[in-house]
Amino acid sequence: MLIDHPLLGLRDASEFVYLGDASLMNRPDATAADASQQFHDYLHLRDNPAGLHRELWYHEQGDRSWLIVTRDTLTHEISHVELARDVSLAHRATDQEGGA
Amino acid sequence: MADMTLKESYPLDSLDTLIGDTRLSAVENLDIVSIALPHTLAPEKTTETRASLDEKLQSAFGLKLTETGTRSSNGDKHSLLGLQPGMWFLVTSRRTREPARTLKTVVRDTAYLTDQSDSWAILDIAGPHAQAALERICPVDIDKSVFDDTRVVRTSMEHLSVIIERPEPERFRLYSPLSSAQSFLHAVRVSLQNAV
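Those sequence lines, one after another, are chains P and E.
Each residue of the first sequence is one higher than the one before, starting from 263 at the first, in our numbering.
Each residue of the second sequence is one higher than the one before, starting from 5 at the first, in our numbering.
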């Protein structure tokens, strides 16, 4: 399987380490009233879709980037790859706009 | 007291051998310093620091900060390898006592520096069968049309971490961790023997 790295182009999947669902980037707010329940869900509950899945991959044997790969779990077809850093910064900008 | 002096030794033991018409040789006279841009949560601050670092390196060595996966060189003396976002190796073709301390006077507070000179086993593989030998163990496309002297790649060969560059059309330079130097040499040597 080849992953189309946004900076480096097509790279072999053997260079990467798989972490899991990209929602792991969205860590719950520890100060929320229901933080305990939120952390339970964050740690233990995962969707298991037969189809498109956004997931975190780490380019350990490459440029050490974290990527968000959108992969079809039925066919392994990869339809989209983003730098996790870019996604995170975009979320932060949106949050700041929302809070302003 | 015994009269003793410490003497440098190298893990590839000054290897220099011909296999068929392709030469495999250890490179033991390089300074390697990693240059890392400080990360902040403010992207504009990082951009500003990067611009300042770029200016300092250009003025000292004539080298422009490269994008990840690319390298720049000022002839044989210095090369700058873009290995990951915000991190480069400056490779200098001589050994000095404290290269990071020397470079610190150039980059000042724009980057973190680490002396990596004693962390890597370095092999040059040069000759008509060099590409064929590496293609057997390298998962990255190293054909001349896509991998020339402007490119550098960090990947793995036979499960060992490797940085690969191509300073000349028929010469590749490989950097692999020092601790597995002999295993790495074995992998490259066997592949070359199979290719010639």
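Derived from the structure by calculation, the hints contain no laboratory data.
Hints are not guaranteed to be accurate.
Covered stretches of chain E, going by a simulated chain P footprint (3 or more residues, C-beta under 8 angstroms) [as the list claims (entries may be wrong)]:
id : stretch
1  : 83 to 89
2  : 102 to 108
Residues from chain P that keep clear of chain E, each with C-beta distances beyond 10 angstroms, as calculated [unchecked claim]:
id : residue
3  : Asp274
4  : Glu277
5  : Arg289
6  : Arg308
7  : Gln323
8  : Asp325
9  : Ile330
10 : Thr332
11 : Thr335
12 : Asp357
Partner residues are not named here, just some residues of chain E that face chain P (Cβ under 7 angstroms, in silico) [as the list claims (entries may be wrong)]:
id : residue
13 : Pro143
14 : Thr154
15 : Arg155
16 : Thr159
17 : Ser165
Only a predicted model underlies this, so the values are computations on that prediction, with no experimental measurement involved.
No residue lacks a Cβ here, since even glycine has one placed at the ideal position from N, Cα and C.
Here is what the structure says about each hint:
no. : hint       : result
1   : 83 to 89   : holds (count 3)
2   : 102 to 108 : violated (count 0)
3   : Asp274     : violated, 4 angstroms
4   : Glu277     : violated, 6 angstroms
5   : Arg289     : holds, 15 angstroms
6   : Arg308     : holds, 28 angstroms
7   : Gln323     : violated, 4 angstroms
8   : Asp325     : violated, 4 angstroms
9   : Ile330     : holds, 15 angstroms
10  : Thr332     : holds, 21 angstroms
11  : Thr335     : holds, 23 angstroms
12  : Asp357     : holds, 12 angstroms
13  : Pro143     : holds, 4 angstroms
14  : Thr154     : violated, 14 angstroms
15  : Arg155     : violated, 10 angstroms
16  : Thr159     : holds, 6 angstroms
17  : Ser165     : holds, 6 angstroms
When each numbered hint is compared with the structure, violations occur for hints 2, 3, 4, 7, 8, 14 and 15.
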